[in-house]
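> Single-letter residue listing:
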Amino acid sequence: MSREQEAVARARKAFQTGRSKPIEYRIQQLKNLQRMFTERQKVISDAMKKDLNKSEVGTQLYETMGLEGEINLALKKVKEWAAPRPVEKNLLTLSDTVYIQPEPLGVVLIIGAWNYPWAVTIQPLIGAIAAGNAAVVKPSEVCVHTAKVMESLLPLYIDKELYPVVTGGIPETQELLRQRFDHIFYTGNSAVGKVIMEAAAKHLTPVTLELGGKSPCYIDKNCDISIACRRVAWGKYTNCGQTCIAPDYILCDPSIQDRVIAEVKKSIQDFYTDNPKTCPDYGRIINQRHFKRIMALMEDSTIAVGGDNDESDCYIAPTVLRDVKPEAKVMQEEIFGPLLPIIPISSLDEAIKFINKGEKPLALYVFTPDDKIINKMKNETSSGGLLANDCLVHYSVSSLPFGGVGNSGMGCYHGRFSFDQLSHLRSCLIKQLKMEGVNNMRYPPHTPKKLGWARFFILNSVDLGWAGRMALLAVLAVVAAVVIQNYLL
Amino acid sequence: MERQAVNRAKEAFLSGRTRPLEFRLQQLHALQRMITEKETEICTSLKQDINRYDTPLLELIGIENEISLAIEKLTQWAAPRQVDRNILTVSDEVYVQPEPLGVVLIIGAWNYPWAVTLQPLVGAIAAGNAAVVKPSELSEYSSLLLRALLPRYLDKDLYPVVTGGVSETQELLRLRFDHIFYTGSSTVGKVVMEAAARHLTPVTLELGGKSPCYIDKNCDIRIACRRITWGKFVNCGQTCIAPDYILCEPCIQGRVVECIRQTLLEFYGADPKCSPDYGRIINQRHFSRIMSLMEGYTPVIGGQTDASQRYIAPTVLKDVPPHSRLMQEEIFGPLLPIVAVSDMDDAIRFVNEREKPLALYIFCSDKKATKKMIEETTSGGVTVNDVMMHYTLSSLPFGGVGQSGMGCYHGKHTFDQLSHQRACLIRSLGMESVNLSRYPPQDLFYFLSLSNIQLFRDIFTT
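The listed protein sequences correspond, in order, to chains B and Y. Using my numbering, the first residue of the first sequence is number 1, and each one after it goes up by one. Using my numbering, the first residue of the second sequence is number 1, and each one after it goes up by one.
Bear in mind the hints are in silico, worked out from the structure with no lab data behind them. Just so we're clear, the structure is a prediction, and the values are computed from it rather than from any experiment. Do not take every clue at face value.
Here are the simulated DSSO-like pairs of lysine-lysine, each with C-alpha atoms no more than 30 Å apart in a straight line [said to hold, decoys possible]:
{"hint": "1", "chain 1": "B", "residue 1": "K325", "chain 2": "Y", "residue 2": "K190"}
{"hint": "2", "chain 1": "B", "residue 1": "K21", "chain 2": "B", "residue 2": "K79"}
{"hint": "3", "chain 1": "B", "residue 1": "K31", "chain 2": "B", "residue 2": "K148"}
{"hint": "4", "chain 1": "Y", "residue 1": "K368", "chain 2": "B", "residue 2": "K77"}
{"hint": "5", "chain 1": "Y", "residue 1": "K10", "chain 2": "B", "residue 2": "K378"}
{"hint": "6", "chain 1": "B", "residue 1": "K160", "chain 2": "Y", "residue 2": "K47"}
{"hint": "7", "chain 1": "Y", "residue 1": "K10", "chain 2": "B", "residue 2": "K353"}
{"hint": "8", "chain 1": "B", "residue 1": "K13", "chain 2": "B", "residue 2": "K76"}
{"hint": "9", "chain 1": "Y", "residue 1": "K47", "chain 2": "B", "residue 2": "K449"}
{"hint": "10", "chain 1": "B", "residue 1": "K357", "chain 2": "Y", "residue 2": "K10"}
{"hint": "11", "chain 1": "Y", "residue 1": "K368", "chain 2": "B", "residue 2": "K202"}
{"hint": "12", "chain 1": "Y", "residue 1": "K412", "chain 2": "B", "residue 2": "K79"}
{"hint": "13", "chain 1": "B", "residue 1": "K79", "chain 2": "Y", "residue 2": "K368"}
Work the whole structure out from these sequences, hints included.
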């Protein structure tokens, strides 16, 4: 048996003992996870600095703080989330107990990404634990140091059979994908997303795919351009542009392009000083391969700001490209780097047409004070999420489902959505072995009269209070008696 | 031809005419009219396909119900859904906006050809999508009738019907859709999902499996058997949620057999072949398949067959060994095996050793025992003390888990399944001071203030 097969088999065996099911156990594991972030902050930050040149504050701000929030939410709410959910009854089920029971799925595979390795690997894990599952955690091998830290830390805090960490590259991931899981949760790019779904299909395993795309950012000429550009610059250059929901490119009227460039330039200076290379808050490209990829994207466009780089350090300055053409290299794939192309566009309608020509993005940003423009943009486009007048922050609202549509992904998570996504919501109808008379209308031999009764009972849905239900129940009993007496005997 | 239909549907969708709720309501009303006006023709098609006479009861009422519900609730379902705010978003608009996905492919099945094809269509229309409808070629008359009728009532560009067999379906699966809704077997389910993966198309798969039926020795066996008999032999066992096999203790096996025998007499008379209410097997291939499952076993009830009519009598077999062929695949026919188990724990073990079924049935008067069985097993859905009825309540999500499927539908669940729930956060360009702590340079002071906001956020998040 391969190492991967063993880890999965052990996780399944551990799940089958039933120990991940009791709420107390799930709460205990989540609390342990919480402790890990409190006690090991330094180790985590050090690894992030080595992988992505993220500052200690940056790591907390963008990774661990969000996780702590999610763990707190899960701790507070798991009992409620896991409880039976009553549903509306109809006349036929009036005296029955009807509810949806959330249940664990079994063994979940979580494949993380390298850009926010803690956030995108542990957030799904929180949902998996809260929902009572076992989970095999496969961190991205690209963030070398963080993967090692995850591998050594997680087993020290949470059940190492139920939640094993399996590290490795492509062959190890492929071996994992040959095993059978009850759900696969993948964060990464669309090309690999297809491979994952194809592998999942062989076992009929449902998937959640958090992918990416080119998230457009429309700036209306009548908005406060200074503030808009500040927010866009923050959204773009955080983590050196390596954010799945970073504003990929700007669409704006040609008349404001110069102003936009100037404001973005100003924000860059405010955030990262005149020399971002020496600024502790400015990140690096994850590796040489991506560095080369991003540099090549710039080739056929005009640089308005930045452009300097240092391959030995995987450093690319915060860069703005102007008058970018739709056929330019930088517009052919998700940038995932600190290049901000501006495409001049003459009207909102043109912008909408442009956006709709591309694949449905993970996020859509629109900067305008005008509600009508926001609504038009919303109604005439589609995207995973829509954020007006800011960037990225919809990610941190746990009551909003976070996920893509079309090429940007399927499924969603955060907060209760993680729990539901990694649960089976089982329909339960508890009847009694009484009132058999009512059932006679469905039994052969069939008559039109019976059909009439069935129509009456099924086509009426009720949501009465307790008193109403009791009254109707009494009526039903009488009706059933009458029916049996007169029509069916 | 398939490509043309899909392209036309896509163009029709992009024209935007499915967006307004009035249009969707109009289409739903038209569909409702079709069911009402053409009831006779639909019943005739089913008689020809599968010798079913109780079609209105089984299929059309369900569809009518779904259409009425969708018409009544559409405005509510399609409206923005408010969500909880936190302290950081207290002055923002935060909601989830349901949106159409685009072009949905609906692949129907032959056992309830109208229900499993039109119910998803109701949801697709309500959610504002276009939909390509591919009915099963095995229910030939229904399929042809649907192709003739639907364009007369609904927008024929938005909701084309594409008929055909395996090669036409394969051609469809090569094309790109925004969602594929498939009802059928697990084997084909894998093929559909694999095809969908190439385009990153989300899928709903309503599959099947062996739905176990446990009868506790202390319950009212007569009534239990009545209900089970109905569920098993309706549509000649060709129901995805039919009770596939019975689990019970050996001491009540005899009683169970007798009760079923009596009930069969009451439902279908002494010779079910002559009963107008007893169906037939859909085709020769399935007839032979079901016959071969019985090989080597002597039934205690039924067993008579007539290949020329594809007739198999309501058949019960007892003391069936777990490793028999009968217990290896979904029966989807009128054979009811009884497998002996020593007690409820044994039954739970038996169920858990197998793939997760679409439905689990428990006949038991003891609330605690019932609760235990529900807690220690899993399945798409559960009905206690009856069979199949969880299907009829549209507030319950209907779907499988594991090999029995993924996704769910009925009522609002269909609408949600065929929509994109788009997260929307509308902020203003004011209050920039609140944002200051997130911008670099990220030093301790700003960070601490943000930590405090996080603390407040946790306290005030509901």
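> All hints, please: hold or fail.
Here is what the structure says about each hint:
1. Between K325(B) and K190(Y), the direct Cα distance comes to roughly 42 Å. Violation of the 30 Å bound is thereby established for this hinted pair.
2. A threshold of 30 Å between alpha carbons decides the hint, and for K21(B) with K79(B) the separation of about 12 Å falls inside it, so the pair holds.
3. A hinted pair counts as satisfied when its Cα atoms are at most 30 Å apart, and K31(B) with K148(B) qualifies at roughly 22 Å.
4. For the suggested pair K368(Y) and K77(B), the alpha carbons sit about 26 Å apart, so the restraint of at most 30 Å is met.
5. At most 30 Å may separate the alpha-carbon atoms for a hinted pair to count; K10(Y) and K378(B) meet this at roughly 20 Å.
6. Proposed proximity of K160(B) and K47(Y) is contradicted: the alpha carbons are some 58 Å apart, above 30 Å.
7. Between the alpha carbons of K10(Y) and K353(B) the distance comes to roughly 16 Å, so the proposed pair stays at or under 30 Å and holds.
8. With a CA separation close to 29 Å, the supplied pair K13(B) and K76(B) stays within the 30 Å bound.
9. The hinted pair formed by K47(Y) and K449(B) meets the criterion: a straight-line CA distance of about 20 Å does not exceed 30 Å.
10. A threshold of 30 Å between alpha carbons decides the hint, and for K357(B) with K10(Y) the separation of about 14 Å falls inside it, so the pair holds.
11. Simply put, K368(Y) and K202(B) have alpha-carbon atoms about 38 Å apart, too far for the 30 Å limit, and the pair is violated.
12. With a C-alpha separation of about 25 Å, the suggested pairing of K412(Y) with K79(B) holds against the 30 Å cut-off.
13. Of the pairs offered as hints, the one joining K79(B) and K368(Y) holds, with about 21 Å between alpha carbons and a cut-off of 30 Å not exceeded.
Consistency note: the structure conflicts with the earlier hints numbered 1, 6 and 11.
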